[in-house]
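> As given, the protein sequences belong to chains A and B, one line each in that order. In terms of the numbering used here, the first sequence has 215 at position 215, counting the first letter as 1, and numbering is strictly consecutive. One gets the numbering used here by counting positions in the second sequence from 1 and adding 239 to each.
Bear in mind the hints are in silico, worked out from the structure with no lab data behind them. Hints are supplied without guarantee of correctness; some may be wrong.
To be verified - Below, simulated DSSO-like cross-link-like pairs (lysine-lysine); rule was C-alpha separation at most 27 Å, straight line:
hint : chain 1 : residue 1 : chain 2 : residue 2
1    : A       : K180      : B       : K421
2    : A       : K157      : A       : K71
3    : B       : K351      : B       : K368
4    : A       : K200      : B       : K421
5    : A       : K88       : B       : K329
6    : A       : K200      : B       : K472
7    : A       : K200      : A       : K230
As the list claims (entries may be wrong) - The following residues of chain A were derived to be distant from chain B, with all beta-carbon distances above 12 Å:
hint : residue
8    : P2
9    : A18
10   : S20
11   : I35
12   : G36
13   : R66
14   : Y73
15   : Q94
16   : T110
17   : G189
18   : E220
19   : G221
Glycine included, each C-beta is placed from N, C-alpha and C at the ideal position.
Residues per chain are reported as follows:
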Amino acid sequence: MPILEGEGVTKYFGGLAAVSNVDFHVDQGEIFGLIGPNGAGKTTLFNLVSAALALKSGVIKFKGKRISGLKPYQICRRGVARTFQSVKIFGNMQVGENVSLGALFGTPTTMTAPNAAREAAELLAFVGLSAMSTALASELTLVNQKRLEVATALATKPELLLLDELMAGLTPTETEEAMKLVTSIRDRGITIFMIEHVMKAIMGVCDRIMVLHHGEKIAEGKPQEISTSKKVIEVYLGE
Amino acid sequence: MSRLMLELKNVNTFYGNSQALWDISLRVDKAEIVALVGANGAGKSTLLKTISGVVHPASGSVEFLGKRINDLQPNSIVELGLSHIPEGRKLFAEMTVHENLEMGAYPSYAWKIKKETSEQIYQTFPILKERAGQLARTLSGGEQQMLAMGRGLMSKPKLCMFDEPSYGLAPRMLSEVFQVIKSLREQGITILLVEQNVPRTLEIADRAYILENGRITMEGKCRNLLTDDYIRKAYLGL
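Generate coordinates for the entire structure from the input sequences, incorporating the hints supplied.
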């Protein structure tokens with residue numbers, strides 16, 4: 001059953017169709033990958049789902065209900081959280097405080113500060129940042145800032161998590177760890193929609209993959225089908 | 240004339256009280272591609288910043304073309320012919336693509352030939368030419384990376400330090416960027432490369448230094464490192 005559905009999703013930047021009439025769905029409990037050349041519209045699609053940008057036309061539904069038209073915080077409170085390709089953290093706040101913010105403001109239920117701090121500690125342990133909870137967020141390495149974003153997003157108790165290039169800038173060995181993290185998030189019952197360029201990672205963890213090119217969907221299928229698709233090899237994978 | 244371009248001897252760098260680099264010695268010869276490999280947080284970016292003058296070492300020496308540059312400011316180091324393309328692109332978001340390129344041509348000798356240099360860069364990265372009048376913030380992540388590389392080349396460097404040029408690039412574009420780096424070397428530009436794509440990096444580089452917890456723990460020819468058991472396990476994920 002789809003947890004997220006898009007029909008005719010379209011966005012223009014001036015005269016340029018950044019996302020053009022894209023239909024897609026993400027099934028409950030799956031890891032769904034989004035790939036495509038640089039500038040294909042992948043992050044724009046995430047921005048449309050999370051309402052950082054407004055649709056020109058089309059509709060996006062979460063658990064069968066329309067979410068396009070809602071504000072970003074409302075979508076978050078419905079259960080859709082995201083991370084950003086260029087990290088958005090509160091650099092002058094402590095790592096633990098960043099995660100507490102997610103717990104305090106991202107969920108529809110009332111939450112006390114001590115409970116938020118407790119949840120933050122648990123999530124920092126989950127992403128492997130416990131030792132840094134009192135450091136300023138700006139002092140973390142980029143990779144750890146990305147992990148912090150994941151923890152903050154999880155603190156909003158999402159049912160669907162959008163990950164925008166979590167694995168960029170990781171060594172192959174670090175990528176393996178990040179793949180385990182993604183799988184363990186799914187094992188918590190959270191559906192994953194992820195943008196990634198690291199083929200080994202995306203082929204390794206995704207159940208299905210969608211490919212965008214110039215804002216249009218050009219392929220969708222199981223990793224095996226995508227990695228052998230002539231069209232995808234031509235526009236994206238190369239060689 | 241000596242082939243030696245860049246030499247670090249016993250460099251120690253601190254952030255406040257915490258030591259980030261420990262007793263680093265390395266050398267880069269003319270027209271070499273030398274890679275710096277290490278996990279995140281190992282000190283690779285700090286090492287590049289120590290060379291380009293963004294941070295200064297507490298002790299040890301950094302010499303470029305035989306001249307000690309430890310205490311020089313970044314702008315003076317660029318003028319000597321050493322360009323640093325930083326991690327995270329660091330573009331001027333509210334300036335156009337072309338203006339960003341021009342900002343890289345700040346040394347007076349480079350400013351005079353900026354038109355010609357930018358034409359070369361547009362040939363290397365045709366997408367930048369298409370986007371020349373657009374604000375840098377409207378570019379996709381991959382395009383921004385290309386712009387950062389282009390801007391770094393505008394000063395006509397003799398030695399280029401790239402900090403994760405493949406970051407956020409789609410596979411085809413990633414191959415192109417590695418091709419660009421190889422072609423720069425063929426043009427006689429020396430390269431010091433920090434990259435997380437260790438397999439591809441060790442394929443194009445001549446030599447590599449392995450950096451762990453702020454210390455160089457191994458160095459050697461890439462073809463030897465590629466078959467080293469420890470490197471394969473720790474950095475290639477094999």
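> Now look at each hint and say whether the structure bears it out.
Checked hints:
no., hint, verdict
1, K180/A <-> K421/B, "violated (34 Å)"
2, K157/A <-> K71/A, "holds (18 Å)"
3, K351/B <-> K368/B, "holds (20 Å)"
4, K200/A <-> K421/B, "holds (24 Å)"
5, K88/A <-> K329/B, "holds (15 Å)"
6, K200/A <-> K472/B, "holds (16 Å)"
7, K200/A <-> K230/A, "holds (18 Å)"
8, P2, "holds (27 Å)"
9, A18, "violated (10 Å)"
10, S20, "holds (16 Å)"
11, I35, "violated (8 Å)"
12, G36, "violated (7 Å)"
13, R66, "holds (28 Å)"
14, Y73, "holds (24 Å)"
15, Q94, "holds (17 Å)"
16, T110, "holds (37 Å)"
17, G189, "holds (28 Å)"
18, E220, "holds (17 Å)"
19, G221, "holds (18 Å)"
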